[in-house]
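Enquirer: Sequence:
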Amino acid sequence: MGIADRSSYGKHRRNQKVDKLMSWKRREFLGLASGSLLSTSWPALAQPQQAEGIRAFSILLTGVHPSLPVNALGSLIFAFLSQGVALSVEVAFEDFAKHTPDRTHPLLAMLSDTASQNRTFVEIVPASRNLMRKTGYFKARSLWGLRSQIDQQLPGAMAAAAQPAHFSTVSTNELEGELRQDGLRTGGCTTVIYDAVEAAEREALLGPAAVLMLPLKARLDLRSAQEKMTSGLFSKLGDGTVLAVDVAELPIDPARAYEVGQRIAASVNRARLSGYLLSVLPREIYKRCCAFLPNHSRHYVILPEFPGSAEGYNGLLDQARTRLGTDCVTLVRGGERRADGALLVETRDGEQHRLGAPGLGPDGEPIEGPIFLVDDVAPQRGDVRHPDAVFVHKAQTVSRLSAKVPAANGICLNYPTGIVDPAHELMLEARGTLRDSSLSPEAPVFDAAMMADAELAYRYLEQAEMNATGLALTVRKQINGKSFNNSEITMWDVGSLILGLLAAVELELAPADRIYRRIKKIMASLPVIQDGDAAYPPTLINVRDASIERRGFDACDFARLTSAVTRAAQHTALADASSQLMGKWQIAGLMQGGVLNNILKTRIQSSYLSHCAHYQTRVLPALGQSETRSPYREAFAGETVADRTVNLLYTVDKIGILPTEPLLLEYVELGPSAECAVLTDVFLGAMKHHFDQTDQLLAPSETPIDTAPWFVYQGFDLGHETRWNVSYRKGREVVFEPVASSPYGIFSTKAAYLWYAVRPCRHTRKMLDMAQEHARIDGFGMSSGLFLDGYAQMKNHADLNTNGIVLQALAHLKRRTR
Numbered sequence: 000m001g002i003a004d005r006s007s008y009g010k011h012r013r014n015q016k017v018d019k020l021m022s023w024k025r026r027e028f029l030g031l032a033s034g035s036l037l038s039t040s041w042p043a044l045a046q047p048q049q050a051e052g053i054r055a056f057s058i059l060l061t062g063v064h065p066s067l068p069v070n071a072l073g074s075l076i077f078a079f080l081s082q083g084v085a086l087s088v089e090v091a092f093e094d095f096a097k098h099t100p101d102r103t104h105p106l107l108a109m110l111s112d113t114a115s116q117n118r119t120f121v122e123i124v125p126a127s128r129n130l131m132r133k134t135g136y137f138k139a140r141s142l143w144g145l146r147s148q149i150d151q152q153l154p155g156a157m158a159a160a161a162q163p164a165h166f167s168t169v170s171t172n173e174l175e176g177e178l179r180q181d182g183l184r185t186g187g188c189t190t191v192i193y194d195a196v197e198a199a200e201r202e203a204l205l206g207p208a209a210v211l212m213l214p215l216k217a218r219l220d221l222r223s224a225q226e227k228m229t230s231g232l233f234s235k236l237g238d239g240t241v242l243a244v245d246v247a248e249l250p251i252d253p254a255r256a257y258e259v260g261q262r263i264a265a266s267v268n269r270a271r272l273s274g275y276l277l278s279v280l281p282r283e284i285y286k287r288c289c290a291f292l293p294n295h296s297r298h299y300v301i302l303p304e305f306p307g308s309a310e311g312y313n314g315l316l317d318q319a320r321t322r323l324g325t326d327c328v329t330l331v332r333g334g335e336r337r338a339d340g341a342l343l344v345e346t347r348d349g350e351q352h353r354l355g356a357p358g359l360g361p362d363g364e365p366i367e368g369p370i371f372l373v374d375d376v377a378p379q380r381g382d383v384r385h386p387d388a389v390f391v392h393k394a395q396t397v398s399r400l401s402a403k404v405p406a407a408n409g410i411c412l413n414y415p416t417g418i419v420d421p422a423h424e425l426m427l428e429a430r431g432t433l434r435d436s437s438l439s440p441e442a443p444v445f446d447a448a449m450m451a452d453a454e455l456a457y458r459y460l461e462q463a464e465m466n467a468t469g470l471a472l473t474v475r476k477q478i479n480g481k482s483f484n485n486s487e488i489t490m491w492d493v494g495s496l497i498l499g500l501l502a503a504v505e506l507e508l509a510p511a512d513r514i515y516r517r518i519k520k521i522m523a524s525l526p527v528i529q530d531g532d533a534a535y536p537p538t539l540i541n542v543r544d545a546s547i548e549r550r551g552f553d554a555c556d557f558a559r560l561t562s563a564v565t566r567a568a569q570h571t572a573l574a575d576a577s578s579q580l581m582g583k584w585q586i587a588g589l590m591q592g593g594v595l596n597n598i599l600k601t602r603i604q605s606s607y608l609s610h611c612a613h614y615q616t617r618v619l620p621a622l623g624q625s626e627t628r629s630p631y632r633e634a635f636a637g638e639t640v641a642d643r644t645v646n647l648l649y650t651v652d653k654i655g656i657l658p659t660e661p662l663l664l665e666y667v668e669l670g671p672s673a674e675c676a677v678l679t680d681v682f683l684g685a686m687k688h689h690f691d692q693t694d695q696l697l698a699p700s701e702t703p704i705d706t707a708p709w710f711v712y713q714g715f716d717l718g719h720e721t722r723w724n725v726s727y728r729k730g731r732e733v734v735f736e737p738v739a740s741s742p743y744g745i746f747s748t749k750a751a752y753l754w755y756a757v758r759p760c761r762h763t764r765k766m767l768d769m770a771q772e773h774a775r776i777d778g779f780g781m782s783s784g785l786f787l788d789g790y791a792q793m794k795n796h797a798d799l800n801t802n803g804i805v806l807q808a809l810a811h812l813k814r815r816t817r
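So the sequence shown is numbered by numbering that gives the first Met the number 0: it starts at 0 and just counts up by one.
To be clear, the hints were calculated from the coordinates, so they are not data collected in a lab. Some hints here could point you the wrong way.
What the hints assert, rightly or not - DSBU-like mimics (lysine-lysine), calculated; alpha carbons at most 30 Å apart, straight line:
no.	residue 1	residue 2
1	Lys133	Lys97
2	Lys813	Lys729
3	Lys794	Lys481
4	Lys729	Lys653
5	Lys519	Lys583
6	Lys476	Lys97
7	Lys476	Lys519
8	Lys653	Lys583
9	Lys133	Lys520
10	Lys600	Lys794
11	Lys476	Lys520
12	Lys729	Lys481
13	Lys481	Lys520
14	Lys583	Lys600
15	Lys813	Lys519
16	Lys520	Lys583
17	Lys476	Lys794
18	Lys813	Lys794
19	Lys765	Lys729
20	Lys653	Lys476
21	Lys133	Lys583
22	Lys765	Lys794
Stated by the list, open to error - Using C-beta positions, here's what the derived DEER-type ranges look like:
no.	residue 1	residue 2	range
23	Ile547	Gly582	36 to 44 Å
24	Ala467	Arg602	30 to 38 Å
25	Ile478	Ser436	38 to 46 Å
Note that the structure is a prediction, hence the values are computed from the model and not measured. For each residue, glycine too, the CB sits at the ideal point set by N, CA and C.
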């Protein structure tokens, strides 16, 4: 289940949330129309048959552009004001930033001044196209970016006392499918005007997260606005809707612009007198939207230092609450201005808060706001305010505090609310967990016990060898003295065998010339399928005689084999054999659009949407295929590391369960790419978080097991309800089960060794200790893994891939200690 597929679950959870926030009494049409209680958690604000109060419409001026004459637009707005008609003005701040990047555009300055002086009649509505198509994380990031851009182009506007509820309304284009408001409420009640011209059935909606959705139902140019602004038009629109008037072709002459405005405003007033009362306060909708919420405003008092004793601190806090007339007071220190414009403050307990334009900052961390610097601008009593306003006082002593702002009703909540976005939640969770001292990097250790492990793993490779081919049995199981072996081998396992043997050379487990002879035998025995212009190794062969067991081609397995052969080519004794083998392969015909295709029994299948595709892009250039595509690389895009990380996690979710390999194999064989490093951080943090929550030590990977279903895939699974899942086939059905409760949950031996080799720290050392204590099978090899239920060993069950990768990990570890 991908992030998008969680919408129905998310809707249920959000509905539960509104039930908790809003009592039945406060659901009485929220002031827009009263008469009966709403029966839905998605209340429509437009129900004409029940309307007894205000019928709310908003006029939105659109088409405002940097080349529009300032005096003309000012005259048009003044004409509306002179007749008592309120209006909103849509502004694409991004366009103005391009036009005047180094100064405030005169048109914006005029609009800001006008809105400040007429705050109950004029508001500025920033435009944010495609806002509703974004995920929760990027909705919140967009709102923060928009508010920060406003701060740059209109310095001080976001915090000006005369505009306490300014810029809480944004406009966007149409909604697609189900309404998803996650990420929109990032400080105060957000109002979103959306394009519903082609969707007449759309109504005004109030979401559980205090997001008011107002549909734009009509678009008029200046001429048609003068002609069609009648009661009949408003009758068709419905309550709580928006009507757009495009002013892009506004006359240059201010007198003519004023005349046009007078005609339109007069039409509006005539429509009102015909029985349709227009909202004279754009903020009236805002106030009613947030009426059911308590005032969450809170005060941060920045002090030079905290009192030394708890008694002194509590006394100072009580004094501050008394002077400000509210309990919603937090004493902090700091007040450093960050690069993103936010103020960084710290509580006595060391908890950090960032205050500023509300939303998600560049690093994905929440910023509380909107912020009002009380010492710079004294807010006026009676102002309409965001319910989540943050008032910042800078005081040398509490005795100098003065209650310049309204009390906060004694209710202090930890806003902004969390963003409903699993990828963002995971990123923050991993980031916080990675600060744990048990994950702090430590100097790697390679000791005698690890050397003994290497000797045991190599023992498997020796005992499982087939003399004729040099290949090895892929799975070995002993029951009552009898051996049960798997003699079919994939190219992935051939790669693991070669890389394990090369590690044995590095670890000096056997004479190098003997190991080199075996690797040459393996390379010489590998069959090649000629398929037109293409030539490639088959999907499956028999280890005894290298005969083809299954025709076809597996791109992921081929990448593993290619990695092994290219590393072998770096050894002088193997250079010629490696070159001859790679010379037999011709894969250009299997490439399509930068992607290496799989060949199945009846069809061709792209390998792009897999966790192996990125590993392939690191390996295939050795075969002349440098223009390859990676879903990781293409997803790893965005303005900040946090944006890139969240995008990457979306793609991981789309692909499916992420195991330890090939993620950590890229580290060991090729060095980590930026994408690999980020995913490794998130993966490690998530494993440690799971351990902290459940006391269950994980080491997930794909693993053969000694009972049906015989092979399981397990790892990190962002898209399901549980983060760690096991997947396996049951007949034709693919089953997903939580690792914690599945009888097939496995602690993978190779994963434990890889994690310590790549990220040595106390936690990964704990993983390694678990494998060393329970996974050794004396004289036989390293067990494939341990059952998570009690960490019991899969007794006398070992496999080639596990033992080959254990050797790789130990060789990498020894190399790091030199």
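Enquirer: Holds or violated: Lys476 with Lys520, Cα cutoff 30 Å?
Expert: Roughly 26 Å separates the two Cα atoms, so the pair holds.
Enquirer: Tell me if the straight-line CA distance from Lys729 to Lys653 falls inside 30 Å.
Expert: With Cα atoms ~22 Å apart, Lys729 and Lys653 stay inside 30 Å; holds.
Enquirer: Between the alpha carbons of Lys813 and Lys519, is the straight-line distance 30 Å or under?
Expert: Holds: Lys813 and Lys519 sit about 25 Å apart, inside 30 Å.
Enquirer: Holds or violated: are the alpha carbons of Lys476 and Lys519 at most 30 Å from each other?
Expert: OK: Lys476 and Lys519 at ~28 Å, within 30 Å.
Enquirer: Okay, Ala467 versus Arg602 on CB: inside 30 to 38 Å?
Expert: holds (34 Å)
Enquirer: Please work out if Lys600 and Lys794 have their alpha carbons no farther apart than 30 Å.
Expert: violated (35 Å)
Enquirer: Need the status of pair Lys476, Lys794: alpha-carbon distance at most 30 Å?
Expert: holds (8 Å)
Enquirer: Going straight from one Cα to the other, do Lys481 and Lys520 come out at no more than 30 Å?
Expert: The hint holds at about 29 Å.
Enquirer: Is 36 to 44 Å respected by the C-beta to C-beta distance linking Ile547 and Gly582?
Expert: Given about 20 Å between the Cβ atoms, the range is violated.
Enquirer: Quick one, are Lys520 and Lys583 close enough, alpha carbons at most 30 Å?
Expert: holds (16 Å)
Enquirer: Hinted pair, alpha-carbon criterion (30 Å max): Lys813, Lys729. Please report holds or violated.
Expert: Not OK: Lys813 and Lys729 at ~41 Å, beyond 30 Å, violated.
Enquirer: Straight-line Cα separation of Lys794 and Lys481 no greater than 30 Å?
Expert: holds (13 Å)
Hint compliance for this structure: hints 2, 6, 8, 9, 10, 19, 20, 21, 23 are not met, and every other hint is.
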